[in-house]
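Protein chains in written order, with this note's numbering: chain X, 1 to 296; chain U, 1001 to 1113.
Simulated from the structure, these hints should not be mistaken for laboratory data.
Keep in mind that the hints are not guaranteed to be accurate.
Said to hold, decoys possible - Chain X regions said to be covered by chain U (calculated; three or more residues, Cβ under 8 Å):
| no. | region |
| --- | --- |
| 1 | 182–190 |
| 2 | 194–206 |
Stated by the list, open to error - Some chain U residues near chain X, calculated using beta-carbon distances under 10 Å:
| no. | residue |
| --- | --- |
| 3 | Leu1028 |
| 4 | Ile1064 |
| 5 | Pro1065 |
| 6 | Ile1097 |
Unchecked claim - Label pairs and their in silico Cβ distance ranges:
| no. | chain 1 | residue 1 | chain 2 | residue 2 | range |
| --- | --- | --- | --- | --- | --- |
| 7 | X | Gln130 | U | Asp1051 | 24 to 30 Å |
| 8 | X | Glu70 | U | Ala1040 | 33 to 39 Å |
| 9 | X | Arg83 | U | Arg1095 | 49 to 55 Å |
| 10 | X | Thr205 | U | Asp1072 | 23 to 29 Å |
| 11 | X | Val235 | U | Met1077 | 22 to 28 Å |
| 12 | U | Thr1052 | X | Asn282 | 22 to 28 Å |
| 13 | X | Asp230 | U | Asp1051 | 31 to 37 Å |
| 14 | X | Gly143 | U | Pro1038 | 29 to 35 Å |
| 15 | U | Cys1073 | X | Asn134 | 25 to 31 Å |
| 16 | U | Glu1074 | X | Glu264 | 48 to 54 Å |
| 17 | U | Arg1042 | X | Gly275 | 35 to 41 Å |
| 18 | X | Gly207 | U | Thr1075 | 18 to 24 Å |
| 19 | X | Ala131 | U | Gly1056 | 45 to 51 Å |
For every residue, glycine included, the Cβ atom is placed at its ideal position computed from N, Cα and C.
The primary structure of each chain is shown beneath.
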Amino acid sequence: MCVTCGCGDSEGVTLSIADGEHEHVHADGTRHTHAHAAAFARVPLRKPAHEHSHTASAVPARDSHTIRLEAQILGKNQVVAERNRGWLSGREILALNLVSSPGAGKTALLERTLNDLKAELKISVVEGDQATSNDAERIRATGVRAVQINTGTGCHLEADMLERALRALNPELASLLLIENVGNLVCPALFDLGERAKVVIFSVTEGEDKPLKYPHMFGAAEVLILSKIDLLPHVRFDAARAIANALTINPRLAVFRVSAYTGEGMREWYDWLKGGLAVSMNGAAHATAGQPVSAE
Amino acid sequence: MHELSITRSMVAIVAEQAGGMRVTRVRLEIGRLSAIMPDAIRFCFGVCTADTPLAGAQLDIDEIPGRGRCNDCETEMDLVAPVGRCPSCGTASLRLIAGQELNIKEMEVESCA
């Protein structure tokens, strides 16, 4: 397997660009040309130091020697992620990686956001799921362009998948790119895609202690969206305690309490998105986008 | 099960570096705060190395304990989770200085016969 682009991977990652079009990107490599040698050369591997002594031995054993590597296993993903980040930054695109458990409301949040902002902002969407194009179809129903990545048995998106999706989607200059990761609170925390920030969505039908149970994800995110707040009267969920737990894990989180169903709290989220996009367009990478709502 | 894709990446890097030689041992460094389970890597290693130059190789994993440093008073501390409080000044504003490693340290190959 080429770990730079994942080709040869038996998991069969596929990309769907439009309805009905279902392309096996890696079947023949026509869509996806790349230089393996160059990609490998970027990884800061120490050259195999051929340092060993051929000691005399009575046993005619095969010789062996140790090669020091000091290679980062996720280094290749990181190389591709940084390339994506540069590509996005050069095009003044604000890319956000939306992560949550399955069913926390990522797609519903996207649908509402797209319907409310599509007249005002240029937006495109990358959808990640193990199977089906259902989510991309929901997004396309709003009139916004979307690419579906199916990861097969894969439990998260990786940087090379986003790279291919970007090539297929070709998002507009100075636009917002929303990436919906596979519903999973563990693995997506480890794989940088090249996004500006991870946005973790946490619904009021989950447990207040979820941030404590999944500290890597809540620690890696810059934004927390507490979703489905219209259900608060019907569920035993202490929103203040849930947010306090998240802030214990990550005091820097910007927190928004929203209902994609009623629209409550969405304006603050939109203001944050617009602020972030303005920062992207000014080329000020890594600046804090928008202003967080207080966590109470 | 991100350990599967991580093990695949690791096997690909080692096989590339081995340049056709048979690999007999690989030593990894995995931080205890990295969200990677060494046992899951060991489980995947046998599957991922079949029909590669690493088939049958021994896998050694060094686990690196978590360490943090306070952003306010620079006190260093041991950490068993990626978050915590400074034992000296009580702030939760810490940076991790060890425990997130995920590296291939070395490999042993048969060669030069």
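These are the hints, each one checked on the structure:
Judged by the Cβ-Cβ criterion of 8 Å, the region 182–190 of chain X is covered by chain U as claimed, because 4 of its residues qualify and three suffice. With a cut-off of 8 Å between beta carbons, the region 194–206 of chain X has 0 residues touching chain U; three or more are needed, and the interface restraint is violated. Among the interface hints, the one on Leu1028 (chain U) holds; its C-beta lies about 8 Å from the nearest C-beta in chain X, closer than the 10 Å criterion. Hint status for Ile1064 (chain U) relative to chain X: violated, with the closest Cβ pair at about 14 Å, above 10 Å.
About 17 Å separates the beta-carbon of Pro1065 (chain U) from the nearest beta-carbon of chain X, more than 10 Å, and the hint is not met. Given hint, Ile1097 (chain U) at the interface with chain X, is violated; its Cβ is 15 Å from that chain's nearest Cβ, farther than 10 Å. The supplied range of 24 to 30 Å is met by Gln130 (chain X) and Asp1051 (chain U), whose beta-carbon atoms lie about 26 Å from each other. Our hint of 33 to 39 Å for Glu70 (chain X) and Ala1040 (chain U) is violated, since their Cβ atoms are close to 23 Å apart.
The hinted range of 49 to 55 Å is not satisfied by Arg83 (chain X) and Arg1095 (chain U), whose Cβ atoms lie roughly 26 Å apart. One distance hint, 23 to 29 Å for the beta-carbon pair Thr205 (chain X) and Asp1072 (chain U), is violated here, with the actual separation near 37 Å. Checked against the hint of 22 to 28 Å, the pair Val235 (chain X) and Met1077 (chain U) fails, with Cβ atoms roughly 37 Å apart. The supplied range of 22 to 28 Å is broken by Thr1052 (chain U) and Asn282 (chain X), whose beta-carbon atoms lie about 48 Å from each other.
The supplied range of 31 to 37 Å is broken by Asp230 (chain X) and Asp1051 (chain U), whose beta-carbon atoms lie about 54 Å from each other. Range check, Gly143 (chain X) to Pro1038 (chain U): about 48 Å between beta-carbon atoms, so the 29 to 35 Å window is missed. A hinted range of 25 to 31 Å is violated for the C-beta pair Cys1073 (chain U) and Asn134 (chain X), which are about 51 Å apart. Checked against the hint of 48 to 54 Å, the pair Glu1074 (chain U) and Glu264 (chain X) fails, with Cβ atoms roughly 43 Å apart.
The hinted window of 35 to 41 Å between Arg1042 (chain U) and Gly275 (chain X) is violated, with their beta carbons roughly 46 Å apart. Under the hint 18 to 24 Å, the C-beta atoms of Gly207 (chain X) and Thr1075 (chain U), about 32 Å apart, miss the expected range. Separated by about 35 Å at the C-beta atoms, Ala131 (chain X) and Gly1056 (chain U) break the suggested range of 45 to 51 Å.
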